[in-house]
Amino acid sequence: MADKKKKKRLSKVFDYLKYEDPFAKGVSFCAGCPLERLVRFVPQVMGNDIVITGTPSCSAPVLLGQNGKSWHKLSYYGTLMTGAASNATGLARYYKRAGIDGTVVCFNGDGTAADIGFGNLSGAAERNEPFVYICYDNEGYMNTGIQKSSTTPFGAKTTTTPVGSNERGKNLRRKNLGLLLAMHKIPYAATATLSNLEDFAKKLLKAKEISKKGFCFLHIFSPCPTGWGMPTDTGIEVCRKAVQTNYFPLWEAENGKFSFTKEVKKPKPIKEYVKLVKKFSHLTEEEIEVLQKDVDYEYAVLKQLSLLDQECPLPD
Amino acid sequence: MNKNIKFVQGNEACVEGAIYAGIDFFAGYPITPSTEIAELLSRRLPQKGGKFVQMEDEIASVCAILGASLTGHKVMTATSGPGFSLKQEAIGYACMAEIPCVIVNVQRGGPSTGNPTHVGQGDINQARWGTHGDHSIIALTASNHQDVFEMTIEAFNLAETYRTPVILLFDEAVGHMREKLVIPEKNEIPIVNRLRTALKKGVDYHPYLPREDGRLPMSDFGGDHRYNVTGLLHDMWGFPSNDPKVVKGLLHHLNDKISNNIHRITRYKEHYLEDAEYILISYGSSARTAIHIAKNRRARNEKLGVLELQSLWPFPKEMVREKCRNAKAVLVVEMNMGQVLAQVKACIDRPETVFLANRIDGELITPSDVKSILRVIQGRGV
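Read top to bottom, the protein sequences are chains H and R. Each residue of the first sequence is one higher than the last, beginning at 359 in the numbering used here. Each residue of the second sequence is one higher than the last, beginning at 15 in the numbering used here.
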């Protein structure tokens, strides 16, 4: 009886953790960084036989190891930022040609995915390369010291979009990377975050399956306690608020057919999310309104797309 | 307290120098160990009415400054090894289209991603030959923050004088070290501003027709005169040309405008060099080690001096040859596998007297690294 009760309390997400955690017990991420949960979660769900490629970024020090010491038991291919998706293409194409049953996971930050490596990411999507591209989006270049990237949202303070007498943080809006990739009509594009792990796990498994045939893109929202100025125990809470305010809606697009995987019935105002993060602390009511409008617009576009009853799969 | 005295990082000294020289536009991309230059300019440039843009990659950064330079502004970008590799095509374009610009490379360990947070001086030859084809380039370096400040100003001056990209080759140790910087009063260091054409609107303007002194007056692009800019070989109007005479003439012009002015471009410092029997040739942060040794040895009446190079390209062959004429031996102190050593050997009367003291493990070269080699050269045993 006691056992049954205990089982009931466990989240369903444990059903998805079928594989061993290949990482050491302690890894060298900043305190409270959700990236740690993320790097452990991917191989726990997708299997320990995946091949990971990645670039110089926040994840690289842990994924690469240092001075002959490794943090994990996976194969890791550290590539250049300018050609991340192309390096993965080489691996995936060869596996396919040689008939090797391997899943290639290209695991990069937003700087590589949305900025310097966007060209070859777009190219890989257009060529429908058989691998999974995961972008963990911490909205900036955190590893080099918190500079803005093209996914940094309006108003955010970074070291290259400072707040001072002449500046008010970033005065431009963010690039919607997930939507951009979905518009390549790839077999599978989705967003996920760490507050909704079950949803994330389902998407990972789907991506693993579909990547045998074609390109899969996962856009993961991953807050940065160090760079955003938030207490180290609020990572998951910030993810949850991002979903509840539609700042980061959870959706997927299979062969161009959009659907929300977590529909927020009564979205909270963006203010609730903004107040959790110090990088927005200077924002005035008007500036928060600009951010709200940006969020509303992106959500409206997604909503319209989800109402379309059409898809465009590539013939086999 | 004097407001002009600051305690800064080398990267900060570079920013101060650029602002003193009149920088208007900076486009950059984050890369260790040069990121501070972008971060500081993102704050400082808007304050003085300039423009800072963070671009999506290294290639975009250098191309953006070329565009801004054509409109008549002083421009700069900053990067490190991997970013410098990406910028090479555009540097060649700037050489060909004769667009003044300053490109800072705060060197780290290479090749490839290399040793991002450690010092290296392995990009010397890349600065010269990184981009393809016969071209000429100016590259400057500095060993301390006062020199970083001055060389940054020199870089802007030379870029404007010769209408050419100028490379500033600093290294991680100089870039991240903190020391004193005294910012001179305005006009204390001469500033070269762009030579603009005196031709009025509507008068036929030849953008690529050099004056007798080899300089080319510029017209702000999109302003009074209509002309073409291209990376193709071109004639005096900027129209693409494959006429052998034009091709040959342009290549000679591009190379001669630098090589004929080596004596004007060359920058160096002498430390205890007058009667030196043993000469250490060095530059950048390794020069600090060389100077330290010379200072100590002079106290013991050993005739040892340092020739500190501040302009690396065009390589000051004549000057080095002249300074080392009476030396028993020359020791090149650097943090690569002998890139400047090869240049010194090529220009000196007795190349067999030139030796290398280097360190390539990501650590700063220390006096004891140099001393152990010096002992062998001086015949004092191993």
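Please keep in mind that the hints were generated in silico from the structure rather than gathered at the bench. A portion of the hints provided could be inaccurate.
Derived lysine-lysine pairs resembling DSS-like cross-links, with alpha carbons at most 30 Å apart [as the list claims (entries may be wrong)]:
#1 H/Lys-651 to H/Lys-620
#2 R/Lys-65 to H/Lys-651
#3 H/Lys-370 to H/Lys-571
#4 H/Lys-533 to H/Lys-626
#5 R/Lys-17 to R/Lys-200
#6 H/Lys-533 to R/Lys-65
#7 H/Lys-370 to H/Lys-427
#8 R/Lys-194 to R/Lys-17
#9 H/Lys-636 to R/Lys-200
#10 R/Lys-331 to H/Lys-636
#11 R/Lys-215 to R/Lys-283
#12 H/Lys-636 to H/Lys-571
Hint-by-hint comparison with the structure:
Restraint check for H/Lys-651 and H/Lys-620: the C-alpha separation of about 21 Å stays at or below 30 Å, so the hint holds. With a C-alpha separation of about 27 Å, the suggested pair R/Lys-65 and H/Lys-651 falls inside the 30 Å cut-off, and the hint holds. Between H/Lys-370 and H/Lys-571, the direct Cα distance comes to roughly 29 Å. Compliance with the 30 Å bound is thereby established for this hinted pair. Straight-line distance between C-alpha atoms of H/Lys-533 and H/Lys-626 comes to about 22 Å, which keeps the hinted pair within the 30 Å bound.
With a C-alpha separation of about 13 Å, the suggested pair R/Lys-17 and R/Lys-200 falls inside the 30 Å cut-off, and the hint holds. Between H/Lys-533 and R/Lys-65, the direct Cα distance comes to roughly 22 Å. Compliance with the 30 Å bound is thereby established for this hinted pair. For the hint pairing H/Lys-370 with H/Lys-427, the CA-to-CA distance comes to about 34 Å; that exceeds 30 Å, so the pair is violated. Restraint check for R/Lys-194 and R/Lys-17: satisfied, since their Cα atoms lie roughly 12 Å apart, inside the 30 Å limit.
Note on H/Lys-636 and R/Lys-200: the hinted pairing is violated, with a Cα-Cα distance of about 40 Å set against a maximum of 30 Å. With a C-alpha separation of about 56 Å, the suggested pairing of R/Lys-331 with H/Lys-636 is violated against the 30 Å cut-off. With a CA separation close to 46 Å, the supplied pair R/Lys-215 and R/Lys-283 exceeds the 30 Å bound. In summary, the hint linking H/Lys-636 to H/Lys-571 is not supported, as the alpha carbons are separated by about 43 Å, beyond the 30 Å threshold.
Hint check: violations occur at hints 7, 9, 10, 11, 12; the rest are consistent with the structure.
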